[in-house]
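Since the structure of chain A is provided, determine the placement of chain B on it from the hints.
Quick note, the sequences are listed as chains A and B, same order.
First residue of the first sequence: 1, per the working numbering; consecutive thereafter.
First residue of the second sequence: 1, per the working numbering; consecutive thereafter.
What the hints contain is simulated information worked out from the structure, not anything from laboratory work.
Hints are supplied without guarantee of correctness; some may be wrong.
[To be verified] Here chain A is said to cover these stretches of chain B; the calculated rule only asks that three of the stretch's residues, wherever they fall, bring their Cβ under 8 Å from a Cβ of chain A:
#, stretch
1, 21-29
2, 37-45
3, 60-66
4, 79-93
Cβ atoms here follow ideal geometry from the backbone N, Cα and C, with glycine treated the same way.
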Amino acid sequence: MRYPTIDRPGRKRRDFGLVAGLCAVSLLLANLGEVGRLTVLRGLRATVLAPVLAVHRGYERGTGLARQVEELTAERDSLARQVAAAADLAEENHRLRALVGLPERLAETFVTGEITPGAAGDVGPHTFLFRTSSDVRLTVPAGVRSPKGLVGVLRARRAGSALGEFWTHPDFRVAARVSEGDATGIVRPFRVEAGESLMLLEGAPFQAEIPAGTRVVTSGIGGVHAPGIPVGTILREGESRSGWSRSYVIRPAVQPGYARVGLAWIPEPLDGPPVAPPEPEGGP
Amino acid sequence: MNGDRAVSAWTGLAAGLLVTIHFLLYPVWAGLAVGPNLLVGGLLLAALHLRAGHAGLLGFLLGLLEAGMTLDGLGSATLVLTLAGYGAARARDLLFADARFYAFVYLLAGTWVTDLALRATGSGDSSFAHAAGAAFVSALLTAAVAGAVEAVARSAALSRSG
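Extracted from the complex, chain B is given alone in its bound form:
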């Protein structure tokens, strides 16, 4: 297994772990005013190493699961997460991916936009300013957690592949 493939495999594992934690700890997130959105974090991490179409498909499937969990936003969650996965995979190609803090900025911006879109298309009734603020704090937390997980996965992959 070469270095890139190892990094992809480990990042995929890390993304799966984030998504699993998101669903398993759902009652905990529900009790918090603002928490990290590990579902979007996991999707964005996976999109770094997937084809754009596959990232969109992954987003669609995660959207279905999220709607099943929340009992809300069936259709809107799948639409937003499909576009988020596709857009994230395309952004990886379009943007300069060698920058030192690329992963953090990518996760922060990606989660903010996606979270805001989820809030806007859901049945929430908060003002835009409030939703934008809450989504930004959530994006910061997500970027910190998912960025750390990505860094650990990357270093684990590189150390194993020599």
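Bound-form chain A, shown alone:
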């Protein structure tokens, strides 16, 4: 016999009991909260999976070094231009605030961290680990952005790491507005037939026709994401149109899996009062 029967009848009940117990433990694990999940995952990655992850990091370093240098150089050049422009803007902002008697603008605080994407499914990863060496205490939920735009949201934190969801996660939602005009709405992930992962802006006012190419940014409502973070650009009007609102398909600014460094927003400055989200633009 090629595969001999090695189960004795007396053992079958014990085996069944063991498997039933394991199934019960699995159900408990499936219903763990976000913090419990993060604890278990961190424990696994720090112990039994550590050698495998070290091999992966070595492989990534070896293969992606040249590409990373190229990307970092481009990013540094772009940042240098932005910093130069920002100095003029800051000076202008300072003078205008002084003219109308407004207090100084409060600085926003971001915590930098390394993003480790989870499993790449059909449309890319949904979850990620966010590791930071900073001592700053992260609060959750907290929006995460990269220099290019919106990445996702942190759901649970423990010590220096947090578990986050990319914007591709089915539960992800963010309040957004168009950069020019006063149309606002809620952005959620949207998958087209070709399997491409895009976004859908829902709840835009019916009378506001948004042209293709318009930039969409976060509105800051809800206090999870900082206002003004690029979400993406309008591709076309969506098919779903309900009552007095329209929907628009958005090409995202950041594709999950490509962002390796993220900035988690801390709404409260480290040494000051909470930052109030700004009023939407376009008001009187």
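Here is chain B on its own, set in the frame of chain A:
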């Protein structure tokens, strides 16, 4: 060491090798649209020579590792792989295991069902038809790789045990 024990030991080694390759080459699989699921292949191979309870326990442990790797499906992966290990070990007893292509059919069907269950319980958002198609291609590749590894392990074991 008699022939059956040698085959079991070599198949166990082969299963361990498949699981190790699965985790070591994880970035490679992540970049492919569809690839072999060597984790399930290794589990099914090991289940051919393990008690049903032990195969379930092995599935549970592999599910934990998989969830740690993917950051997703903690609980669902352990549940699916526990049941897959247990079911595979039971199937070995219930089905006719002397058939010539038993190992290939067993690996193909086992990987297809398990892969589909993993996709269904994960946070993937593809349609059932798409998931079933992708799982079938993955199962074919898995059955080919794991079947070949099993055949090599078996012949190595038999040649060593005389």
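Okay, the hints, checked on the actual structure:
no.	hint	result
1	21-29	holds (count 4)
2	37-45	violated (count 0)
3	60-66	holds (count 4)
4	79-93	holds (count 7)
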